[in-house]
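J.: Spelled out from the first residue to the last, the chains are:
Number of protein chains: 2
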Amino acid sequence: MSTQPYPAFFSCYNQLDTPFLFVDKQKFINNLTRLRHSVESFGTELRPHFKTVKSLHALPYLLPDKTAPITVSTVKEAELLASEGYSNIIYAVGICENKLPRLRDLIGRGIAVRVLLDSKEQARFLTRFCLLNQCTISALIEIDCDGHRGGLTPDSPDLIEIAQLLHQGTVELEGVLAHAGESYHCYDPVSLRRAADNEVRTTLDAAQRIRSAGISCNMVSIGSTPTAHSYHNLNGITEVRAGAYCFFDLVMAGTGSCKIDDIAASIVTTVIGHNTERGWLLIDAGWMALSADRGTAHQPKDCGFGLVTLSNGELVEHLQVTSVNQEHGIITAMNGCSINFDAFPIGCRLHILPNHACATASMHQHYHVFDTQAQSYDIWTRIQGW
Amino acid sequence: MSTQPYPAFFSCYNQLDTPFLFVDKQKFINNLTRLRHSVESFGTELRPHFKTVKSLHALPYLLPDKTAPITVSTVKEAELLASEGYSNIIYAVGICENKLPRLRDLIGRGIAVRVLLDSKEQARFLTRFCLLNQCTISALIEIDCDGHRGGLTPDSPDLIEIAQLLHQGTVELEGVLAHAGESYHCYDPVSLRRAADNEVRTTLDAAQRIRSAGISCNMVSIGSTPTAHSYHNLNGITEVRAGAYCFFDLVMAGTGSCKIDDIAASIVTTVIGHNTERGWLLIDAGWMALSADRGTAHQPKDCGFGLVTLSNGELVEHLQVTSVNQEHGIITAMNGCSINFDAFPIGCRLHILPNHACATASMHQHYHVFDTQAQSYDIWTRIQGW
Chain A
25 MSTQPYPAFF SCYNQLDTPF LFVDKQKFIN NLTRLRHSVE SFGTELRPHF KTVKSLHALP
85 YLLPDKTAPI TVSTVKEAEL LASEGYSNII YAVGICENKL PRLRDLIGRG IAVRVLLDSK
145 EQARFLTRFC LLNQCTISAL IEIDCDGHRG GLTPDSPDLI EIAQLLHQGT VELEGVLAHA
205 GESYHCYDPV SLRRAADNEV RTTLDAAQRI RSAGISCNMV SIGSTPTAHS YHNLNGITEV
265 RAGAYCFFDL VMAGTGSCKI DDIAASIVTT VIGHNTERGW LLIDAGWMAL SADRGTAHQP
325 KDCGFGLVTL SNGELVEHLQ VTSVNQEHGI ITAMNGCSIN FDAFPIGCRL HILPNHACAT
385 ASMHQHYHVF DTQAQSYDIW TRIQGW
Chain B
25 MSTQPYPAFF SCYNQLDTPF LFVDKQKFIN NLTRLRHSVE SFGTELRPHF KTVKSLHALP
85 YLLPDKTAPI TVSTVKEAEL LASEGYSNII YAVGICENKL PRLRDLIGRG IAVRVLLDSK
145 EQARFLTRFC LLNQCTISAL IEIDCDGHRG GLTPDSPDLI EIAQLLHQGT VELEGVLAHA
205 GESYHCYDPV SLRRAADNEV RTTLDAAQRI RSAGISCNMV SIGSTPTAHS YHNLNGITEV
265 RAGAYCFFDL VMAGTGSCKI DDIAASIVTT VIGHNTERGW LLIDAGWMAL SADRGTAHQP
325 KDCGFGLVTL SNGELVEHLQ VTSVNQEHGI ITAMNGCSIN FDAFPIGCRL HILPNHACAT
385 ASMHQHYHVF DTQAQSYDIW TRIQGW
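Quick mapping for you: the protein sequence lines, in order, are chains A and B. In the working numbering, each residue carries its 1-based index in the first sequence increased by 24. In the working numbering, each residue carries its 1-based index in the second sequence increased by 24.
Hints in this document: simulated from the structure, not taken from any laboratory. On a predicted model such as this, the values are computed, not experimentally measured, just so you know. It is possible that part of the hints are untrue.
Note that the list lumps identical chains together, so a pair holds whenever it fits in one copy or between two copies.
As the list claims (entries may be wrong) - Capping the alpha-carbon separation at 16 Å, the derived lysine to aspartate or glutamate pairs in EDC-like fashion look like this: (1) K283 to E64; (2) K144 to D366; (3) K100 to D41; (4) K283 to E301; (5) K325 to D366; (6) K283 to D89; (7) K90 to E108; (8) K325 to D221.
Next comes chain A alone, as it looks inside the complex (with noise of 0.2 Å):
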């Protein structure tokens, strides 16, 4: 990571070819700080998902403590972070056997990762790997607070059964873990807050249940960008996971999570066509550099596929991009609008603002970070693969 002070900053963004993945640091700095200074400011520790960013280069600023905790998608990322000396991990997908001797590995070099699981086989075969390999393997049971994926609610049956299992084998029962994922599907404080607070009852109601049964639960984690920044008590929870909040995103400017001027990365590329009749502009960045996500389709406001700002920030009000392929992007007016297209000639540069910066993000091998405050420009690898 080479920092090259002005007057590259400038010649460096021009040279670079399109499309490619801009961050503005600042603004990724400014996202850090605010939800680590909210999570703390309740007591409780932030564990960042490396999932969204998934760059070494990030981490002296997402998390410059080594022995702080972190959330991973990937045993691939887990494997990285510990490389690099991470050591207080949680592997935040449901467990499958044919991915324990990596992690066994892991264990074995003294990386605390834990595993999470939402059912009795995965109980059972965790516990018949930690026999049969001589390990302690720790796990946590995901807890489901909103109906959006896998985990338990507090009251099934297999709730106790399963941290009986794990308590009378190897397998270490650590806590229990929840995501409130259809809290991405909130668009006013109002709901959100709801969404924050049942994420925090459920998933000490649950801690609470297996409490009751004579086991102990040491951590109470949550966490979802929307709902950690909802919070209002935090008392029981041990901590709380996000990943999306580093860069934010239009999802998360539709449900309130931020402010679109927020969203820290966007894709720079060139206008390479003009349809007058069709009132298109043409760019060279399609699906392979936006992604084909389409979160902000059920959302009040319908962002295509991304928003549309000039290279200094400023957003193009009526402008999105209407329609990708591989490498073409279309951009149209909105709102019975019309394209000036003398203002955006052939050549010109634009951004576009993702709908969902982790999948935006994982179309790009290299970030090209911006300091306009330092005037710096640094190149961040991106971690690929499982």
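Assemble the complex: chain A is given as a structure, and chain B must be docked to it using the hints.
T.: Quick look at chain B alone, frame taken from chain A:
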């Protein structure tokens, strides 16, 4: 690329951590052969589009003759193909000025890289660039045959003006190029045939108009995977381009361009959870492995985020992936059916057929290529970035 003989074949499959992209090599080769034979039977050349497979390891099958024509969607592809000795390339995305220096360097090495344009602005900066750099760049004018994206209609006054601008400058006007992108919305042989005929006729009309103005137009290039399988007369067409045909996918099956059994690429995933109450199988393949492409959403048969097969390729008729997050997918039974959870225990492997092979393949660094006939296994690496 190491070819491991049987019995490594089966153990490789089982040892690979999910999710991964599985290529059925025999189906891949059959798909390549089928279209090549069909196009060549018309006395016309096939110019495969590299954008789908994007792997140098695939070249011995896709295009064994290095002097034969190939299409690319990025300058990076052109550079890597050139480094492998391929010398007859079309960069089939409207050209912008800042991509010219890299193309000039390729042309200087004796690689014929043709660029695409549809505006006088592009003709002017291309002419200026060639003059300043004392080089010759060959260009094709993009023809719009169905309102899909870029290009000029044959009756556009700009067509002749651009041809004249190029003809007078140091840019060599090589011909015209069209892509019947709207044929992706055809769902029966009659509409496909109509789209194919229209692509042929429109492009020939444009070539004829240019020739009538006293300017040569040698190359008449057309193609899209659906139309490429539906021509009945290619007189006057010098080449056909197609990309997705190598893997095929559910969108192409929906157009009738292939059978579901022809699909050569699938994502191998593990069942990581059961939600018996909601009727969900949770799998470890989300949009990160499958892509968020919803290309079948507007087809008569909407396949969600993909259809499900067993490891042996057998389609599980009533199942589809109905929801994806980053590393999670949810499989649901459709049409009033219910899931037999005992048939899909936690830990079992399934294959997900992609909506759009280009998009799904783009999510992977490697393809795991299994030849069921030769009982061999290869890893093919994919080109990434721009």
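J.: Does the structure break any of the earlier hints, and which numbers would those be?
T.: Numbers 1, 4, 5, 6 and 8 - these are the hints that the structure violates, sorted from lowest upward.
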